[in-house]
Every structure is written in C-alpha cells, then in structure tokens.
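Peer 1: First to last, the protein sequences are chains A and B.
Sequential numbering of the first sequence, starting at 52, is according to our numbering.
Sequential numbering of the second sequence, starting at 52, is according to our numbering.
Bear in mind the hints are in silico, worked out from the structure with no lab data behind them.
Worth double-checking, as some hints may not be accurate.
Just so you know, same-sequence chains aren't split out, so a pair can sit in one copy or run between any two.
Stated by the list, open to error - Here are the computed lysine to any residue pairs in the SDA-like style, where the Cα-Cα straight-line distance is at most 20 Å:
no., residue 1, residue 2
1, K132, M219
2, K53, E322
3, K313, A399
4, K376, D302
5, K132, H215
Number of protein chains: 2
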Amino acid sequence: MKLTLGDLEDLARGAAFLGTGGGGSPYAGRLMVQRAMEEGHTVEIIDLEEVPDEALIIPTAMMGAPTVLIEKLPRGDEAIKSLRTLERHLGRTAYATMPIECGGINSTMPLVVGARLGLPVVDADGMGRAFPELQMETFHVYGVPGTPMVITNEYGDSTIVQTHDNAMMEWLARGITIRMGGAAYIAEYSMDGRTARRVSVPRTLSLALQIGRGIRAAREAHKDPFAELIALLRDTPYQYGRIIFQGKIVDLWRETTQGFAKGRARIQTLEGGAAVMEILFQNEFLVARVNGELRAIVPDLICILDSETAEPITTEMLRYGQRVKVMGVSVPPIMRTPEALAVFGPRAFGLEAEFQPIETLA
Amino acid sequence: MKLTLGDLEDLARGAAFLGTGGGGSPYAGRLMVQRAMEEGHTVEIIDLEEVPDEALIIPTAMMGAPTVLIEKLPRGDEAIKSLRTLERHLGRTAYATMPIECGGINSTMPLVVGARLGLPVVDADGMGRAFPELQMETFHVYGVPGTPMVITNEYGDSTIVQTHDNAMMEWLARGITIRMGGAAYIAEYSMDGRTARRVSVPRTLSLALQIGRGIRAAREAHKDPFAELIALLRDTPYQYGRIIFQGKIVDLWRETTQGFAKGRARIQTLEGGAAVMEILFQNEFLVARVNGELRAIVPDLICILDSETAEPITTEMLRYGQRVKVMGVSVPPIMRTPEALAVFGPRAFGLEAEFQPIETLA
Numbered sequence: 052m053k054l055t056l057g058d059l060e061d062l063a064r065g066a067a068f069l070g071t072g073g074g075g076s077p078y079a080g081r082l083m084v085q086r087a088m089e090e091g092h093t094v095e096i097i098d099l100e101e102v103p104d105e106a107l108i109i110p111t112a113m114m115g116a117p118t119v120l121i122e123k124l125p126r127g128d129e130a131i132k133s134l135r136t137l138e139r140h141l142g143r144t145a146y147a148t149m150p151i152e153c154g155g156i157n158s159t160m161p162l163v164v165g166a167r168l169g170l171p172v173v174d175a176d177g178m179g180r181a182f183p184e185l186q187m188e189t190f191h192v193y194g195v196p197g198t199p200m201v202i203t204n205e206y207g208d209s210t211i212v213q214t215h216d217n218a219m220m221e222w223l224a225r226g227i228t229i230r231m232g233g234a235a236y237i238a239e240y241s242m243d244g245r246t247a248r249r250v251s252v253p254r255t256l257s258l259a260l261q262i263g264r265g266i267r268a269a270r271e272a273h274k275d276p277f278a279e280l281i282a283l284l285r286d287t288p289y290q291y292g293r294i295i296f297q298g299k300i301v302d303l304w305r306e307t308t309q310g311f312a313k314g315r316a317r318i319q320t321l322e323g324g325a326a327v328m329e330i331l332f333q334n335e336f337l338v339a340r341v342n343g344e345l346r347a348i349v350p351d352l353i354c355i356l357d358s359e360t361a362e363p364i365t366t367e368m369l370r371y372g373q374r375v376k377v378m379g380v381s382v383p384p385i386m387r388t389p390e391a392l393a394v395f396g397p398r399a400f401g402l403e404a405e406f407q408p409i410e411t412l413a
Numbered sequence: 052m053k054l055t056l057g058d059l060e061d062l063a064r065g066a067a068f069l070g071t072g073g074g075g076s077p078y079a080g081r082l083m084v085q086r087a088m089e090e091g092h093t094v095e096i097i098d099l100e101e102v103p104d105e106a107l108i109i110p111t112a113m114m115g116a117p118t119v120l121i122e123k124l125p126r127g128d129e130a131i132k133s134l135r136t137l138e139r140h141l142g143r144t145a146y147a148t149m150p151i152e153c154g155g156i157n158s159t160m161p162l163v164v165g166a167r168l169g170l171p172v173v174d175a176d177g178m179g180r181a182f183p184e185l186q187m188e189t190f191h192v193y194g195v196p197g198t199p200m201v202i203t204n205e206y207g208d209s210t211i212v213q214t215h216d217n218a219m220m221e222w223l224a225r226g227i228t229i230r231m232g233g234a235a236y237i238a239e240y241s242m243d244g245r246t247a248r249r250v251s252v253p254r255t256l257s258l259a260l261q262i263g264r265g266i267r268a269a270r271e272a273h274k275d276p277f278a279e280l281i282a283l284l285r286d287t288p289y290q291y292g293r294i295i296f297q298g299k300i301v302d303l304w305r306e307t308t309q310g311f312a313k314g315r316a317r318i319q320t321l322e323g324g325a326a327v328m329e330i331l332f333q334n335e336f337l338v339a340r341v342n343g344e345l346r347a348i349v350p351d352l353i354c355i356l357d358s359e360t361a362e363p364i365t366t367e368m369l370r371y372g373q374r375v376k377v378m379g380v381s382v383p384p385i386m387r388t389p390e391a392l393a394v395f396g397p398r399a400f401g402l403e404a405e406f407q408p409i410e411t412l413a
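Bound-form chain A, shown alone (with noise of 0.2 Å):
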C-alpha cells in the first residue's frame, strides 16, 4: 500500500485515537511525514506476511514526554540516525521499519523513516495502543530483548545501549532522554520477520487510517461519529467500545516529571451535576473513575475525544473548558493474557485496582 497526502491527516488522527493520550501530537506527526512526501519521497506500508522470516525490522520511535515534544519538533533525521547506527552496530542492513506503538507522532515517525530511506514501514507495531515505558510492548512480553537499542538527540548525541532485561534498558534510556532534554529518538527491538509475526499487534497503521477516515466520514456526512466510531471498532479485534462520560474539564494537573508528562483531569457534566469524571495519566490515560467508581483502566483504551468533532485529544493538549466525550475500548485478546497484564496492566503503573475489562464495567 502507497500512502496518499490525503491520507496523512486521517492516519494521524486515528492513531492519535489508538494512542489513548500519549504518543505526541498528531499535528506535528503528519507535517513530518507530509514534508518528506513533498519532498517526492514515497511511503510503502506492508504487511507482516511480506517480510521474509529472515529479513531485519528496526523498529523507530519517538521516546519522551509529548509534553516537551510539541516545544521541541522533530526533523525526522533523528530517528533516521538511530537507525543506521545500529544497523553498523548489528552488521545488518534494515530490511524495514516499524511503529512499536500507536500515536499521533510514533504512528508516523516510521513513515518518516521509512520514506527518507526508501525503506518500508510494516503494518503493525508493539502496544496495540500507546504506553509510556518502553518494556510495556508485547515485543517484550512475547521475548524479543530490546537492546541493542540507540538513542539520538537533535543534535546527533547518541547511545547505544546493551542491558541484561527490557525494564534495565526502559530505566537507563529514560535518564539519557531527560538529559537530551526530555525528547529523543530510538531504534530498538529490531528482529527478524518470523519473530514480528509472532510477537506484534498486526494491521494496527491500516486500522489508525479506517478510524481517521470513519471519524471525518461522519463529520462530512452529518452522522453522528462516535456512532460511526463504535460501529466501525466492531469488525476490528478491538471490538467494543461505548462513551463512559461527557462534560467539560473542570481541573487539570500536570507536570512533567522524570521524563514523563503525569498529570490528572477531572470532567463534570455540563449540568454541573455531582458526578465528576477524574482520569489520572502517565504521557497516555491510565484509569477513569466517576465519584470513585471504576469505569474504564489500563490496558483497555481511555480516549479523550472533542465532544462534536470526535477529533481525539492527547494529554499534553488537555485545557480548561474543554468539551469532551471519553470513549472506553476493549483491547485485543493478545493485550489481556496474564503475562500481557503483567508487564502493562494496572500493577505496572502502580495503581491498586485488578484489570477489569470495560465489557464489565456499568
């Protein structure tokens, strides 16, 4: 599949849904990937199954908190060093590259990179979704060492980093980003294509663009899109989705610390009833509670989307007043298994309460 520049805006936007909060801003994700196709460079999306069981995916992202990112933009050439620094590291050429999670920027950072490098970008990534730490992949849960792993900044710094399990490399790789300044570019759990097909969440780039394409087909054809939306998520191995909550941002509580953008919202009704919504986020929307109650928590997506255009929100553009829908959404089987909780249920953010899948939830 050749990607279009009409596409751009409707991929960016649908990843930015799958990225429930995190994963930079869809605005800035799509002029990067734009201006390379400007440039005449082309984007070539593949599946799975055509990468040859031996041939090498580097896999390249973005790492840090969006709440630096949108101060400091990215060129594209970053990750594009990553890259080729471990390829010379590794001795191997890149046969592709790959998103390892959903998100408005690390959607797209692979097409970018792919573009410039004549490379393809598979269509699938790590997550499923977006998280904050880089051991949180199902990459990780299924086997697949990160390291070697490279970390680049605008200024082409690098590291290369080797470590004996996945939550070292998240641990050492997060204190070289807060010291490029809180954003930098990595190329990490590279493997070969027999290993990708087993241990990725597949045709999550094909889906972004359907659910960016549901979204504005509804808004052009004066259809409710959070209707469309849900309906749309039913023939996809997400499956269920419902609103949870809808009002306006009454309170809002970030700070960007330790290299991640953490932070709280709370959501009243535009009554001003007594149920106040509150949703607490680490870079991505962890668990959402009304009065206390459970309503929708991690892995299980948490999308906080404007409450006419359904245009998603991430956490760093969270304002005051804002008017909002939150959209809760299974994920798929392969994200729920007891060793997937493990690594990105709630325990691995340090909340108290057990997964409980939103199916379950009043």
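Add chain B to chain A, keeping to what the hints say.
Peer 2: Leaving out everything else, chain B in the frame of chain A:
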C-alpha cells in the same frame, strides 16, 4: 617496569595523595590489583615514550561518587568489559591501557585491566590529580574527543556514548552512572601514542609510587613524613608543597547528589582557637579557606593527611574528630595554562574566586 606485590600499598597511598580526596579508596584499589597478581597475572608499566606512534591506548576508570563505591566494590572485570566493547565498536585492538586520573581506585583500575588482559599500562594520566568530571582532562584541554566511550555496570549492562563535545559526554555519562546505581566503569579518550605524548601528564604512576614509598620510609625511619614529602616533591613537576593548616575535624557535611559526593569539612586547631579552616569538595577537595581567607584552590592539590602518619584521607573517609594536617601542592605548568584553567579552574566548579597559585598565598 614490573610492579611487585610489595609496591601496591605504596602506589595506592601515593595515588590517593595525588587524588586530592577523590579517585576512590586506596584500600579497595590495592585489593583489586593484589587479587589479580596473586592469581598469577603481572602488571607491566611502560613509559609514554615506549608506545608506538600509531598504537591505540584505551584508558579505563571508575566513574561515580566515591561514597557509593565503598559500598559496592568493583570486581575489576567491569572496566575490562568497557575496554573490550570499545575495541569492538572501533574495530581496533588496544596496545595498552592508561589511567585518566590519579586516585586510590583510578590509578589501580587500569593496572587490574592491564594485568588481566596482558596489556601494558602507560605511566601517565589526563589530570595529574583527580577531578570529578570527565571533561576535566588535559586530554580534553588539548583537543582529544572523549567519545566513543563505554560505560558498564556490575551486571554487564553497558552503553556506548557518542557526543558532539566532551561536556555533553560528561552530562550523559553522569546520568547513566546515576541510573546504574552511582558507580560504573568506563573506557574513553582512546588515542594513539603520538597524541598521548602531546596531551598527557607523564609519569604520574611512578610519582605515586615514589610518594607512597617516601611516606612509608619516613615513618620507618621515625622521621617527619611531611617534611620528607615536601622535600621529595621539590624534585618533581609538582615542586612546591606546604602545610596550610592542622587541627581536628569539627564539622562535616556531605551528601551524595547528582552522582557526586559533595560537601564541606571544617577543621579547628587542637588548641580550639578562633582559626577554622573550611574545605569544600565535589569528590575532590576544591578550595580551602581560613576564616574566609583563601589558602589553596583548585587545580592546586589540597590533601588532607593523618597528622601522625601522613596517610591521605579521601573525602568519603573523613570523620568527625580526625586529627589532620592539610597540605597544599602546586600542580605542573601544563595544568595552569589559561586553557587548562578554563576547564578545571575555580569557575568550572561554580566558585567565585580566581585561581591563585599556592606559592603566592600566605
């Protein structure tokens, strides 16, 4: 020159003297080499002049807060892993290793690496003393890039750092060291023999041995070890030494912060008079004042020594009540040039004072 078991205590003592409070525990430093020698390895020390022009030298060292190091002793193979990783990255084999600074651990760490790998150790270093930061090197002052460098911890986790300048190398490496637990093992400033002759402080290993022997010989002959030390220095590039205070430690404030052991010691005369010396440190002693009046300042050496035995006391071993003499020593001319003072003079440590040679102070 082949080092003998009998040399080790003298060498570690003399290196700790030159380490001016930093560079890690002489006891720990000695034990590491002793173990390697008892296992049958030999330590060969060569002069800078013996290294062929094109031969590769890879210096090795410990990095971190000495306060952490005494709780987490190195095995010695951590720095070996750094050297081997750097060799692989460069695609070249080391002809020799070398210290980057003088100090209890950092003079002996390269000896362990050399002994275990069968590499000679060059009798020179890049500080002519110890300094807390990686860019505070004559190597850096005279134009050698510190990167690519490698940092390894006790679990074999490692990172290869490549930066656009040596200050950024220090910044990233310090962050990595902190996340590795506060102490780690490095290989950096790789250079050829021709370059090393141009940018190093020569014969500091033999000088350390000479100082350590001199102190011991004076004790054994029931002579004043301080007078002997001052006489001995007169015939070296360090030339001028003087006791600038004596008394007991009456106040000690220390914290391990941002990867360094930082703090302040106050020393009062035994008679309890009004004169109090205050010494500030960041791993190493930086400035000594008596009632606010300058007595010695970086890069000149400030050495706190046991008032009876003249045994050097490193910053992490300072204790309330210790009886001490404080010695100031002039450093060689290569370390007092304007370029050198810009890198490791008082301003580089955030001190307001200008450098004043110890010879010119009261």
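Peer 1: Evaluate each hint against the coordinates.
Peer 2: Evaluated hints:
1. Proximity of K132 to M219 under the C-alpha cut-off of 20 Å is restricted to the inter-copy arrangement: shortest distance 18 Å between copies versus 23 Å within a copy.
2. For the identical chains of this complex, K53 and E322 are neighbours neither inside a copy (47 Å) nor across copies (86 Å), given an alpha-carbon limit of 20 Å.
3. In this assembly of identical chains, the alpha carbons of K313 and A399 lie at most 20 Å apart only when taken from the same copy (15 Å versus 35 Å across copies).
4. Only within a single protomer do K376 and D302 lie at most 20 Å apart by alpha-carbon distance; the minimum there is 15 Å, versus 61 Å between protomers.
5. For a Cα distance limit of 20 Å, the shortest separation of K132 from H215 across copies, 14 Å, qualifies, whereas the shortest one inside one copy, 24 Å, does not.
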